[in-house]
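Protein chains in written order, with full-length UniProt numbering: chain A, 1 to 152; chain B, 1 to 124.
In short, the hints are calculated from the structure, not lab data. For glycine and all other residues, C-beta sits at the position ideal for the given N, C-alpha and C. Errors might be hidden in some of the hints.
Stated by the list, open to error - Some residues of chain B that are not near chain A, with every Cβ distance over 12 Å (derived): (1) P15; (2) K65; (3) D74; (4) R96.
What the hints assert, rightly or not - Among the chain A residues that face chain B by a calculated CB cut under 10 Å, a handful are: (5) D13; (6) P49; (7) D53; (8) A70; (9) V105.
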Amino acid sequence: MSDSATPAAPGFDPRWFFQLRKQGGGGHGGRLGLGYRGHGADWCELDLPYAADLIGDPDSGVLASGPILATMDMAASVSVWLKAGGFRNHATLDLRIDYLRPARVGQTVIGRGECYRLTRSIAFVRGQAHDGDPADPIAHVAGTFMAVEGYW
Amino acid sequence: MSIPYAELLGLSVEPGEVAPTLVMPFADAVLGRPGFLHGGAIGGLLEMAAVAALHQALESEGGGKVKPINLTLDYMRGGRDKPTRARGTVTRLGKRVANVEAVAWQDEPDRPIAAARMNYLIVR
């Protein structure tokens, strides 16, 4: 038996994932300016910096709800890959979002997604978004993802 | 459209008698995994279609501002490399609350790629 340290399980590194994406086309997440903030074994936090081209109400300058939805979809998706231990091809089945209050103008939105249950083909997720104070959330989400080839 | 986020999605409007149809071209700005639309972009399109339908319905009553309360989204098919259309239907227009449904499709309207139900608060 070798006593050399075995490399950690490949798993999924969201920091690397988002860095790599910035160098490529970027897609929708890149266009929104979505960035990595932190992660754990079954959760991921992303941030959505305030930007003029994400405004939904030009009179007030409040962000559209779409970019917040996209942030939560992405944070939840990454949380599933973390819990599954690696990237899997999967698709959002459904997503429910409650808009608790408008985001403050000029503030970065922070979205945290958590995979609280993983079955062979379905992942159950929940999450919250806030703009500085996690105790004063702006949105709450619940949803499911499905992996066609299974999560394990 | 003069809404920055609608411009980001590349939306154009096809007027309709009851509600307009919004068209979102396939572009890198709305791309998720390679070759497929991002779920967030589809959701954003559905929300814009719902709001557009609601504004049109409110026009005959003197207009009003709308605030999203919540949204329930079902994704049925992956969005592919082609334009996506979406249209909202106001199922109930109350004094304070409106219930709106919206569907998004690519080839045939009766084969949606996603559908949403939304509640809005109306400030008249």
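Now for the hints, and whether the structure bears them out:
1. Non-interface status of B/P15 relative to chain A is upheld: no Cβ of that chain comes within 12 Å, the nearest being about 21 Å off.
2. A beta-carbon of chain A comes within 12 Å of the beta-carbon of B/K65; the shortest separation is about 8 Å.
3. Separation of B/D74 from chain A is inadequate, the least Cβ-Cβ distance of about 5 Å not exceeding the 12 Å criterion.
4. No beta-carbon of chain A comes within 12 Å of the beta-carbon of B/R96; the shortest separation is about 16 Å.
5. Because the beta carbon of A/D13 sits about 17 Å from the nearest beta carbon in chain B, more than 10 Å, this interface hint is broken.
6. Hint status for A/P49: violated, given a least beta-carbon distance of 14 Å to chain B, over 10 Å.
7. For the restraint placing A/D53 at the interface with chain B, the shortest Cβ-Cβ distance is roughly 5 Å, inside the 10 Å limit, so the hint holds.
8. Among the interface hints, the one on A/A70 holds; its C-beta lies about 2 Å from the nearest C-beta in chain B, closer than the 10 Å criterion.
9. Evaluation of the A/V105 hint against chain B yields a violated restraint, the C-beta minimum of about 13 Å exceeding 10 Å.
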